[in-house]
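A.B. asks: My request is simple: use the sequences and hints to build the entire structure.
Chains A and B, in that order, are what the protein sequence lines are. Following this note's numbering, the numbering of the first sequence begins with 195 at its first residue and continues without gaps. Following this note's numbering, the numbering of the second sequence begins with 7 at its first residue and continues without gaps.
Just so you know, the hints here were simulated from the structure itself, not pulled from any lab data. Note that beta-carbon positions come from the ideal geometry of N, C-alpha and C, so glycine has one too. Warning: the hint list may mix true and false statements.
Stated by the list, open to error - Some chain A residues judged to face chain B by a derived CB distance under 8 Å, without partners named:
| hint | residue |
| --- | --- |
| 1 | 254 |
| 2 | 255 |
| 3 | 262 |
| 4 | 374 |
| 5 | 398 |
| 6 | 401 |
| 7 | 468 |
| 8 | 480 |
| 9 | 483 |
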Amino acid sequence: MKREPDLSVELCGIRLRNPLILASGILGTGPDLLVRVARAGAGAVTTKSCSLKPRKGHPNPTVLDWGHGLINAVGLANPGLEEMSRIIAQAKELLKPLGVPLIASIFGGKTEEFAALARKLNSLPDFIEVNISCPNVEAEMGRPFATDARMAARVTAAVREASQVPVIVKLSPNVTDIAYIARAVEEAGADAISAINTVSGMVIDIHSGRPVLANRIGGISGPAIKPIALRCIYEITRVVKVPVIGIGGVTSGKDALEMIMAGATAVGIGSAVYYRGVEAFGQIAGEMRDLMAELGYETLAEVRGLAHRA
Amino acid sequence: MPTVHNLPQPFKIAEVIEESYRVKTFVLEGSFEAEPGQFVMLWLPGVDEKPFSLVNSNPVTLTVARVGPFTSELHRRKPGDTLWLRGPFGNGFTLEGEHLLLIGGGYGVAPLLFLARKAREGGRRVSVVIGASTARDVILAEDFLALGCHVIIATEDGSRGFRGKAPEVAEELLRDINPDALYACGPGGMLEAVRMMAGRRGLPVQLSYESYIRCAIGVCGSCQRSGWLVCRDGPVRRA
Ligand SMILES: Cc1cc2nc3c(=O)[nH]c(=O)nc-3n(C[C@H](O)[C@H](O)[C@H](O)COP(=O)(O)OP(=O)(O)OC[C@H]3O[C@@H](n4cnc5c(N)ncnc54)[C@H](O)[C@@H]3O)c2cc1C
Ligand SMILES: Cc1cc2nc3c(=O)[nH]c(=O)nc-3n(C[C@H](O)[C@H](O)[C@H](O)COP(=O)(O)O)c2cc1C
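C.D. replies: If you want it as structure tokens, here you go:
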């Protein structure tokens, strides 16, 4: 008899029961919500990006379904490090019996802020994810660090030095050569890379003649960006050795396998929560198992990077 | 009911009704399918976008209390002006029992009027306790009467109807009213009181909750209460 396909993966020496990771900014605002996502079947969960000080974020509208995906400019609303540390500590306690690791996403306007966040979080989370790629706070903070290889490397090195846990650096697709940036952060000490953050875009209402998002410009996610994400993962994994979390437009088991074939070790799930509810995690894992059985794969190691073959 | 408009759609204001010194009802041109208890996101371009319960879906109608910058700006809009709505969102009330007791506090009365209309259309009996701090804050009483509801008014200072908070008054009258199910919308403390009362009396209860809503579509996590998403799992919850 054939064995049930095994979805477990290893990320920086930490075992995930499956490769599906709740992406930052989706439902990551409280311990009960993170646990709900874990119970629904996620292999790991990421908290909403947190800054040293609380941030109110942008006025509404901040998130919209424009037909082929979402567009958002939440503006990194978060309760600040102090409150987020409490949320993370509580979540960790509740996640432990489930065997689901927690990734803390951090965000700052300066390199020193990123380092301070990592230092203060200490070994509270299982991983730290460095969000240098939010496209929605440019007016306030300037171009994201992920658009400049030198800046991206500098932040990575500072966080790597300050952090007690593996460091994931999250990259932006809004660059001319994402592989170049990926190599720079790998050389600077990133233990893993996640990509992609949202693709910069705009939606206009013809009746008012205005962009619908209060921030005017926002980040596109969901089905519309899957081919962009696959191409980015493919280009990154061609040049780096560290594991990559492939994020962008994954809403089915088929999408997740495509991401792993492009070279990803794990798969981020964000907008799928809108399309399928929190149940998306269990459903996508089930679909992955069925497809692997059908295609004759027993482990994800057999699937990973297939798209790179000559 | 599924979301009809994912992006904000323009609706012209047909009529503005002054319900009280700080509450206005906006009757819009146009309709969509929705159930009582569902809400919409109302966008004023260049201002903000905020959640409001539907008071009717045909024509689309909202009842809004002026409490801050957004609602003040909205109160300045006149017939012929345009409002932008997306929705409807969330899970509304389900009709159960032959005699419904609705308990509303403040503008929480608004979605209950939609529920009362649906219940009366189905031939059910409806009693409603309209709670307010004082007489001039009582809203929509005539609208409930016009639907053939049994209307009970409760003011905290006793300036109109019974003296006391809506749940207290409802509990005192519960034996006489003898409802099959309770429904409530209003401030948190009121909902908690109604939940406890339903527990004591062994009555089914549906409560409509509020919290800070941003995306309205269950992704941003802003409105969560202990892991429960007001915008997508609620706003109505069976206790
Ligand atoms: C599901 C739901 C249905 C609602 N239905 C109605 C209704 O039918 N009629 C009505 O008058 N009001 C309703 N409200 C409340 C209404 O959204 C707020 O009164 C309005 O947003 C206040 O905005 P403001 O700028 O005038 O006041 P602010 O000064 O900004 O705030 C006043 C109060 O409104 C709350 N509030 C502000 N923004 C939001 C938001 N985005 N989400 C939730 N609460 C907010 C604040 O927490 C505060 O308690 C509803 C709220 C929810 C969550
Ligand atoms: C509403 C919303 C909020 C987001 N907030 C964050 C954030 O705080 N930090 C971050 O790194 N990414 C954030 N993202 C980006 C997602 O983590 C993810 O990279 C992107 O949505 C692509 O994946 P998807 O297509 O599965 O949604 C956000 C996305 C959405 C839709």
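A.B. asks: What are the numbers of the hints that this structure violates, sorted from low to high?
C.D. replies: Violated hints (numbers, rising): 3, 4, 5, 8 and 9; every other hint is consistent with the structure.
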